[in-house]
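Take the given structure of chain C and dock chain W to it, following the hints.
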Amino acid sequence: MATKQFKRVIEEKINDPVMRKNLGNFADAYLTARNTAFEGKNFSEIREKIKNIRTETVTNLEELAERFTKEVEQKGAKVFRAAGPEEANSYILNLAQSRGISKIIKSKSMATEEIGLNHYLEKNGLNPVETDLGEWIIQLAGQRPSHMVMPAIHMSRGQVAELFTAKLGKDIPADIQVMVKTAREKLRQDFEAAEMGISGANIAVAETGTFFLVANEGNERHVTTLPEIHVAVIGYDKLVSGFKDAIPIIEALPRSATGQKITSYVTAVTGPRPGGELHIILLDNGRLEMAKDPVFSQTFQCIRCASCLNVCPVYQMVGGHVYGHIYCGGIGVILTHFLNSPEEADKLQELCISCGRCKEVCPGKVPVTDLIVEVRDRLFEKRPLRTPYKFTFEKVMTNRKIFHSALRAASVMQKPFTGGEQMIRYLPLFFSDLVKHKNLPAIAEQPLRNQVKNLKQNIKNYKGSVALFSGCSIDFMFPNIGIDVIKVMNRLGYEVKFPQGQSCCGTPARYMGDVKTAKKLAKDNITALEQSGAEYIICACASCTGALVHDYEELFADEPDWLERAKGIKDKMNEFTSFVSGRMSELFAKAGNVKTQPFKVTYHDSCHLKWNLGISDQPREILAQVKGAKFVEMAYPDRCCGCGGTFSLKFPEISAPIMEKKLATIEESGADLLATACPGCLMQIKGGLDKKGSRVQAYHIAEILAGQLPEAN
Amino acid sequence: MSALRKIHQVNNVSSYQGQPVGLFEAFKENAEKIGSEVYVAKDAAEAAKIIEKILKEIKPRRVVAASSPLVNRLNLENISLLHITSKNLEIESKCADVGIFGAKLAIAETGSIGQVNPTMDERRVSSLTDTSIAIVDADDLMQTFREAMESVYNNSNAPDYLSFITGPSRTSDIERVLTIGVHGPRRMIVVLIAESTGGKSNGNKTV
Numbered sequence: 000m001a002t003k004q005f006k007r008v009i010e011e012k013i014n015d016p017v018m019r020k021n022l023g024n025f026a027d028a029y030l031t032a033r034n035t036a037f038e039g040k041n042f043s044e045i046r047e048k049i050k051n052i053r054t055e056t057v058t059n060l061e062e063l064a065e066r067f068t069k070e071v072e073q074k075g076a077k078v079f080r081a082a083g084p085e086e087a088n089s090y091i092l093n094l095a096q097s098r099g100i101s102k103i104i105k106s107k108s109m110a111t112e113e114i115g116l117n118h119y120l121e122k123n124g125l126n127p128v129e130t131d132l133g134e135w136i137i138q139l140a141g142q143r144p145s146h147m148v149m150p151a152i153h154m155s156r157g158q159v160a161e162l163f164t165a166k167l168g169k170d171i172p173a174d175i176q177v178m179v180k181t182a183r184e185k186l187r188q189d190f191e192a193a194e195m196g197i198s199g200a201n202i203a204v205a206e207t208g209t210f211f212l213v214a215n216e217g218n219e220r221h222v223t224t225l226p227e228i229h230v231a232v233i234g235y236d237k238l239v240s241g242f243k244d245a246i247p248i249i250e251a252l253p254r255s256a257t258g259q260k261i262t263s264y265v266t267a268v269t270g271p272r273p274g275g276e277l278h279i280i281l282l283d284n285g286r287l288e289m290a291k292d293p294v295f296s297q298t299f300q301c302i303r304c305a306s307c308l309n310v311c312p313v314y315q316m317v318g319g320h321v322y323g324h325i326y327c328g329g330i331g332v333i334l335t336h337f338l339n340s341p342e343e344a345d346k347l348q349e350l351c352i353s354c355g356r357c358k359e360v361c362p363g364k365v366p367v368t369d370l371i372v373e374v375r376d377r378l379f380e381k382r383p384l385r386t387p388y389k390f391t392f393e394k395v396m397t398n399r400k401i402f403h404s405a406l407r408a409a410s411v412m413q414k415p416f417t418g419g420e421q422m423i424r425y426l427p428l429f430f431s432d433l434v435k436h437k438n439l440p441a442i443a444e445q446p447l448r449n450q451v452k453n454l455k456q457n458i459k460n461y462k463g464s465v466a467l468f469s470g471c472s473i474d475f476m477f478p479n480i481g482i483d484v485i486k487v488m489n490r491l492g493y494e495v496k497f498p499q500g501q502s503c504c505g506t507p508a509r510y511m512g513d514v515k516t517a518k519k520l521a522k523d524n525i526t527a528l529e530q531s532g533a534e535y536i537i538c539a540c541a542s543c544t545g546a547l548v549h550d551y552e553e554l555f556a557d558e559p560d561w562l563e564r565a566k567g568i569k570d571k572m573n574e575f576t577s578f579v580s581g582r583m584s585e586l587f588a589k590a591g592n593v594k595t596q597p598f599k600v601t602y603h604d605s606c607h608l609k610w611n612l613g614i615s616d617q618p619r620e621i622l623a624q625v626k627g628a629k630f631v632e633m634a635y636p637d638r639c640c641g642c643g644g645t646f647s648l649k650f651p652e653i654s655a656p657i658m659e660k661k662l663a664t665i666e667e668s669g670a671d672l673l674a675t676a677c678p679g680c681l682m683q684i685k686g687g688l689d690k691k692g693s694r695v696q697a698y699h700i701a702e703i704l705a706g707q708l709p710e711a712n
Numbered sequence: 000m001s002a003l004r005k006i007h008q009v010n011n012v013s014s015y016q017g018q019p020v021g022l023f024e025a026f027k028e029n030a031e032k033i034g035s036e037v038y039v040a041k042d043a044a045e046a047a048k049i050i051e052k053i054l055k056e057i058k059p060r061r062v063v064a065a066s067s068p069l070v071n072r073l074n075l076e077n078i079s080l081l082h083i084t085s086k087n088l089e090i091e092s093k094c095a096d097v098g099i100f101g102a103k104l105a106i107a108e109t110g111s112i113g114q115v116n117p118t119m120d121e122r123r124v125s126s127l128t129d130t131s132i133a134i135v136d137a138d139d140l141m142q143t144f145r146e147a148m149e150s151v152y153n154n155s156n157a158p159d160y161l162s163f164i165t166g167p168s169r170t171s172d173i174e175r176v177l178t179i180g181v182h183g184p185r186r187m188i189v190v191l192i193a194e195s196t197g198g199k200s201n202g203n204k205t206v
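Chains C and W are the protein sequences, given in the same order.
Once you know that position 496 of the first sequence is 495 in numbering that gives the first Met the number 0, the rest is easy, because the numbers rise by one and skip nothing.
Once you know that position 62 of the second sequence is 61 in numbering that gives the first Met the number 0, the rest is easy, because the numbers rise by one and skip nothing.
Chain C with its partners taken away, still in its complex shape (with noise of 0.2 Å):
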C-alpha cells in the first residue's frame, strides 16, 4: 500500500517543472528514434535471437563462467567471482591498497552502483570520479541515477550550471555546450592522473573471454588505455557463450537505448592492455538465484537498454526517482526485487499500470508487465487477510451473490451523489479525491444480467447462438452498451445467451498478486460459459477478453484438466470488434437509408486490445464503415489512458495526467466522438471529457453501431 510519504513524493515529482520539460515528450520521441533507427532490420528476429541467448546462458550460467574465467585466465587477466557488495568492493579496494593507488576513475556502471561501490570506497579514503557526463553530474549533486542510460535526465541545465559553478569554483553558464566542454577539460586531468580504472560491461563473452563497452562518451575508452590498471565489475547476466552472439544484442542495444544504429563507440576487450594489469569482477548479488527462478530467469534477457522506462507511461510522469530504487521503471521492479531490497521493490510494483507496452518494445522479449504480477503474487500470499483488497478479493468476489447484492446496495446509497444522473461528481470527504480529476459513472439500477431476463430478442435470419460475457463494467455500470451488442448481434442473425453464473473475469484480483481468487472466478465463468452451450463467446471489454484468452490458461499451467477447459473457451472466444469487423456488410444490409448527421470520430486503442490481443484495425475497419461518420486519426492514438482498472483508484495523482494528455490529443483531433472498443477507458475519457465539460461525446463502439441499426431510428 502506497504511504502518505510515498505519495507526497510522487505529488512533487508530477508538478516538477524540470520534470516535465525533459520527459514530457520524451516517450513519443524516443518512440520515433527507434522506429527509425530499426528500419531494414527485423525487430522480430532480433529480439527472438536475445530471447534464446540469454536462455542458453541460463541454462548453462555455472559452466559459461568457469569457460570465460578459464578464457581471461589464458590471456594474462585475473577473474573474482564476488558473492556480494562485500567482497567486490573489498576487492578492489584491497588492489587499490596493495597498489599504493589513490587516483581512480570510473566510466558508467549500474553494477558498482547497485553494490555502493563509491560510497565504500570513499568510507575508506579513496574517491573515485565518475566521467560519464550524466554519472559525474549526479556523483557531484550526491544523487542517484534516475534513468537507467541518462542519469541525471531529472535535471534542468540550469541546474546542472549551478552544481558546476559551485563545485568547480568558477562561474558556468547555464550552456549546454559550455558545460560538456568543461566537463571534458576537468576530466580530461583526472584521465591523465588515473592510476585505476573501473568499468562494467554490456556483454561477456565466455567461448573468448571477451567483453564489450557500447558508449557514445569515450571515457570507457580511455578506461581501457590510459590506467595501469582496468578493473571491469561485470553482472553473471551479462554472460553469453559464444562471440557471434553478441551481434544481435549490439545491433539492439544502441537502436533500444537512444534511437542509434551504433554507439560512438563498440569496444571489445580480450586480455590486458600491453604493460598493464586487467581484473574482471564477475557479479552475483543475487543473479544466480534469479537463474534458477523458472519464471524470473528470464530477466536474463534484459540487456539494459531501458526501452521499457523510456515508453512507460507511468515513468514519463513521475520519473525514475520515484519509480526506481536504483534501477529504474518496469524491469527495476524486478531487479530491485532480487538485487538489492524485496521491501523496494514492494513499493515500486505498485506502480505498473500493466498497460503492456514495456513487453512490446523489450529486445529481449522479457515480459515484464507478467513479471511484475509474479512479484504481485509472491507478496500476495504473505501479507494479512485483514487488508481491505485481500478482503474483497477473497470474501466479497469469489461469493457471487454476495458480491452483487454488494453493488445493488451501493447503487441505491450513491442517490445522493448522483442526483438521478448517470455520472458521479461529488463525493465527501476522502472519497472526494476519486472525482477530483474525473467523473464516476453510476452503478446502474437495473444490471444487465436482470435486464437479459426479460429483453425480447429480435433475430432475422437466424445463424445460431454466440453467449455473452459482459464483465463487471458493462454488467453494472453499463449495462446499455450490454444492450448494444445484444442488438448488433442479432442483427447479424445470432441469439445472444447470458450464462446468469458468470462473475468478474478476475483481471482486477490477478493483477494485484491473488491468484487464489482469480482461480476461483475463472473456474465458475469457464463452467458457466460451458453450460451455454454457443458457439461462439462475445465479449465487449478487453481486459475481460484479455482473461479468457490468456491468463486463464497460464493460471491452470499446473491443473491439466481446468486447463483443457480452459482452451475451450479461448478457442470459442471471440472479442466484439473482431467479429463485427468481417460482418459490416451483413450489418448494414437492407438497413435502407439511415439518416444522420455527418460527424467526426476518432478512435482510443486501449493498451489491452491492442498490445495484448492485437487488435487495432478492426475497430478502424468499423467505424470507416459507419454512416456519416468522417474518421480522424488522434495523435498518439494508442496512448495509455491512465485508467489500469484499480491503478486509477490506488493513483489518481498519477492517473489524472496521463489521462490528460489523452484528452488533449482527443480535442485536438477535432472529433466530435471518441470511440472505444474498452469500457474501463470509456470510463475513464468519458468522466474526464465530462468533468472538462467537453463537447466530444465518448461512446464504445457498439453503441455506436447500434444506433445506426434500422430498429434504432
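No wet-lab data here; the hints were simulated from the structure.
In this text, all values refer to a predicted model and were calculated from it rather than measured experimentally.
We put the beta carbon where it would ideally sit given N, CA and C, even for glycine.
Possibly wrong hints are sitting among the right ones.
Some chain W residues flagged as far from chain C (calculated, every beta-carbon gap over 10 Å) [said to hold, decoys possible]: (1) Ala43; (2) Pro59; (3) Pro68; (4) Asn74; (5) Ile83; (6) Asn87; (7) Glu108; (8) Arg123; (9) Glu174.
Covered stretches of chain C, going by a simulated chain W footprint (3 or more residues, C-beta under 8 Å) [said to hold, decoys possible]: (10) 155-169; (11) 215-228; (12) 644-650.
Same frame as chain C, now just chain W:
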C-alpha cells in the same frame, strides 16, 4: 570518381534499405548522417594531399600519427607545413589537436571504421585528440556490422582489442540535448583510399 565507381560496382549490393546503391555511397551517407566527414582519394598520394588541406584549415598546434603500413603509404613526413609526430606518442597524443591513424575495416551500414588489434599508439592517437583522421582502404569496406564481427573472429579467437568508431563522441545527458565532442574526439574525418592494393584481407570480396 569513375575509377572508384568501377571498383565498387563489383562490390555492389543489390539493395540497401530498399535503394540500389553502392557500398561506398552507403558508407558515405551513413557516416555523414552521424557527423563524420568522408573524403575519397584515388591513391595514397591524393590522400596525403587531402590531409594537408584539412590541416591547413585546422591550423593545429600539434599533430600525431600512429605508424602502420597503411599510414606509412601516405608519406606524411613530406607534408611541408608542419611537423607530424610519430614518436613518444604516449606523451605527445595528450597534447595533440589532430590524430592520424589507419583503420583495418569500415562498415557501410553504420558509417563506422574499425581498429583490429591496434597498437597502444594507435589507441592513444585515435582517442585523445580533438580531431581524428582515419585512413581506410576502400577494399576493406564491408556491408554490415555482422560481417565485420564475423571477419575478425577466427576459430574461437577474438582479437585482443577491437574498436569500432562511428563518428565523433557525443552525449545527450543534459536535458536530452545532443552535444558533439565529449571525452573522445569532437571531429571525425575518414579518408578512403580507392586504389586497390590487390589480395587484401577480406575473403568476401569478389574483386
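Now for the hints, and whether the structure bears them out:
In this structure W/Ala43 is separated from chain C by more than 10 Å, as the shortest Cβ-Cβ distance comes to about 27 Å. The Cβ of W/Pro59 sits about 17 Å from the closest Cβ of chain C, beyond the 10 Å cut-off, so the non-interface label holds. Against chain C, the non-interface label of W/Pro68 holds: every CB pair exceeds 10 Å, the least being about 19 Å. Once the 10 Å rule is applied to beta carbons, W/Asn74 is consistent with being away from chain C; the minimum gap is 27 Å.
The Cβ of W/Ile83 sits about 21 Å from the closest Cβ of chain C, beyond the 10 Å cut-off, so the non-interface label holds. No Cβ of chain C approaches the Cβ of W/Asn87 within 10 Å, the least distance being about 15 Å, so the stated non-interface status holds. For W/Glu108, the non-interface assignment is contradicted: its Cβ lies about 7 Å from the closest Cβ of chain C, within the 10 Å cut-off. The beta carbon of W/Arg123 is not kept farther than 10 Å from every beta carbon of chain C, the shortest such distance being approximately 6 Å.
Look at W/Glu174: its CB is around 6 Å from the nearest CB on chain C, not clear of 10 Å, so calling it non-interface is violated. With 3 residues carrying a beta carbon less than 8 Å from a beta carbon of chain W, the stretch 155-169 of chain C meets the three-residue requirement, and the given coverage holds. By the rule of at least three residues with a Cβ nearer than 8 Å to a Cβ of chain W, the coverage given for the stretch 215-228 of chain C holds, with 8 such residues. Figure legend: the stretch 644-650 of chain C, annotated as covered by chain W; annotation inconsistent (0 residues with Cβ-Cβ distances under 8 Å, at least 3 required).
Violation of the numbered hints given earlier is confined to hints 7, 8, 9, 12; the remaining hints are satisfied by the structure.
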